[in-house]
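Undergrad: As a plain string of letters, each chain reads:
2 protein chains.
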Amino acid sequence: MSGGSGTRLWPLSRQSSPKQLHALTSDLTLIQHTIARVNADGGAFVFADPMVILNERQLAPAQAQIKEMGRQGVSWIVEPCGRNTAPVAAVAAEAARARYGEDAMVLLMPADHHIDDEEAFRATAIRGAHLAQSGRIVTFGIKPTGPATGFGYIRRGDAVGDGYLVDAFKEKPKRDIALEYVADGRYYWNAGIFLFGAGAVADEMMAHCPELLRLSRQAVVDAVVEQDVIRLDQRAFEAIDGDSFDYAVMEHTGRAAVVPADFGWSDVGSWSALWEISDKDDAGNAVRGDVHLEDVSGSIVYSTALRVGVIGAEDLIVVATEDAVLVARKSDDQAVKKLVERLRNEGRLDLL
Amino acid sequence: MSGGSGTRLWPLSRQSSPKQLHALTSDLTLIQHTIARVNADGGAFVFADPMVILNERQLAPAQAQIKEMGRQGVSWIVEPCGRNTAPVAAVAAEAARARYGEDAMVLLMPADHHIDDEEAFRATAIRGAHLAQSGRIVTFGIKPTGPATGFGYIRRGDAVGDGYLVDAFKEKPKRDIALEYVADGRYYWNAGIFLFGAGAVADEMMAHCPELLRLSRQAVVDAVVEQDVIRLDQRAFEAIDGDSFDYAVMEHTGRAAVVPADFGWSDVGSWSALWEISDKDDAGNAVRGDVHLEDVSGSIVYSTALRVGVIGAEDLIVVATEDAVLVARKSDDQAVKKLVERLRNEGRLDLL
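Chain order of the listed sequences is A and B. Heads up, the first sequence is in our numbering, so the first residue is 1 and it goes up one at a time. Heads up, the second sequence is in our numbering, so the first residue is 353 and it goes up one at a time.
As a list, the in silico BS3-like pairs of lysine-lysine whose alpha-carbon atoms are at most 25 Å apart:
# : chain 1 : residue 1 : chain 2 : residue 2
1 : A       : Lys143    : A       : Lys170
2 : A       : Lys330    : A       : Lys280
3 : B       : Lys524    : B       : Lys689
4 : A       : Lys338    : A       : Lys172
5 : B       : Lys690    : A       : Lys280
6 : A       : Lys330    : B       : Lys682
7 : B       : Lys632    : A       : Lys338
8 : B       : Lys682    : B       : Lys526
9 : B       : Lys524    : B       : Lys682
To be clear, the hints were calculated from the coordinates, so they are not data collected in a lab. If you're wondering where the values come from, they're calculated on a predicted model, not measured in any experiment.
Make the full structure from the sequences, and use the hints.
TA: Laid out in structure tokens, this is it:
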């Protein structure tokens, strides 16, 4: 799933060049890492060639990045518009079914997340695959490292296979509630990574969101295929009443299971989140690009091209692209979203 | 005098585009303000057409700026290299003498200073002109507004005409000494602005720095003149052992006088100095360019072209040009010089 545009990483992340297309954590971009993660060496299971679902605007740069890393066999599914994750799941299942049959399993994951430990990721995916083989729709639950209020939570129920039944999905909580969740021990962060059989998810969608399923399938059946690019039918896809896979399926199905995951996950949802997972110097600074620091600590300084000098700063975010600069307190980085909103209101589409 | 390049205003001020060529305090650049200040309407005295002394690299942009403001009659004296201010004074005196005779008076002033009250400036210059007519070499003394350690000080002696004899010149003091100076009441900041008769200064230079005078004159006599541009002879000018006008003349001459000045002077010697003299919003922010602030106070944010967003900051300097960004605590802005030094050591001439 490569359709998003993380506005909280402005000014780096833009509609035309969203966060998954940027090298944030290493010399590879997030989408390159995501593709590298699902290599053929999956142990007991074999990863098939990946399919990337994205929009037209991101197609060419994403293709160039995957070509650059020498990866063959990737296919591209182009959404004519954004309709959230449930149609993406339906399209992925339908495409996998068409190619590999009813028993094909789909590992659905965002292209803009960071996962530190690839081996652990694959081992966890295989645990999920065993559960999915028995008809479960699997979500991966990240063990909370703190009372985050920016994620939904999953409460586990009884054990099943290598995971647990899902007892409840919880919306993004207030801080005091999040503290309870963390203390409780049965709660996981909902990372939005899923694993399911193509047939199983279709069954559940038929039961819980049949119209969404029908239109998604129609969009695949009527797609325009050009070599390795599948352009979903615009009329069918646009007619879908968009919904998240969590809301449309996971919260209603009796087949939901959660597999605990501990592979160094981050949604890289903000500059401070990026700081958290970045390599840092002795003063706790994460630095990228042509940057010079003097008496700076606990800060993240990221420059794509410009020379950036920072003198005397603590816990600061400084980001410079070729047309915009952000300076913010690390504790304030959620305000970036507001700033982007303001740009939108001002009609500064060149900066979005 | 337009030869300097204020590195403390990096990244805006560069060798090829020093601070006098930038609009810092209004829509006019500092050199435009300097030219506008000496208009013909000088009251009892009439300002002749100004002469600008600068280097070859700055000639074309400076000419363009003066042309843009519609000012006629300016002539340009090009230094083949920098030799500090004493040769500049000698050249100015020689050029004025050649054009207007021995009695011509020279008002020698830096092109990169800010003067808030032009009327007061002209009135003060006229007081100085009266003293200079009587053979004095006049410097203007700025009444200190605080114990600055970045300026030299002048101690006044007995009254003479509209001013005082100079009792002593003092180097940039330590802070405790500066506090004494301010408390004393007889001390002024040395602003590096001078007024003297062309003949009088030549006499003094003959006495105190004859070789410097001889070579400076030679550089004028052998200059290559092309319309309104006078290119000083390279061989003669390069042979000069450079010195400041203060050291070479003012500290030795018995003719030094100081005229107290109160015209809102600033040398705009740092970003915090610019913040001091800038118009500020209710939160005490001085802002220029495509800038958006959120929860910011006491800061200066200056952008030439890029969009700059600042969220959550206090007493910060943020400067963005097309190729470099500076973020610094306002109290640290002298460290900018160090940063520029570092760039020089790294061989980053593109950024100097």
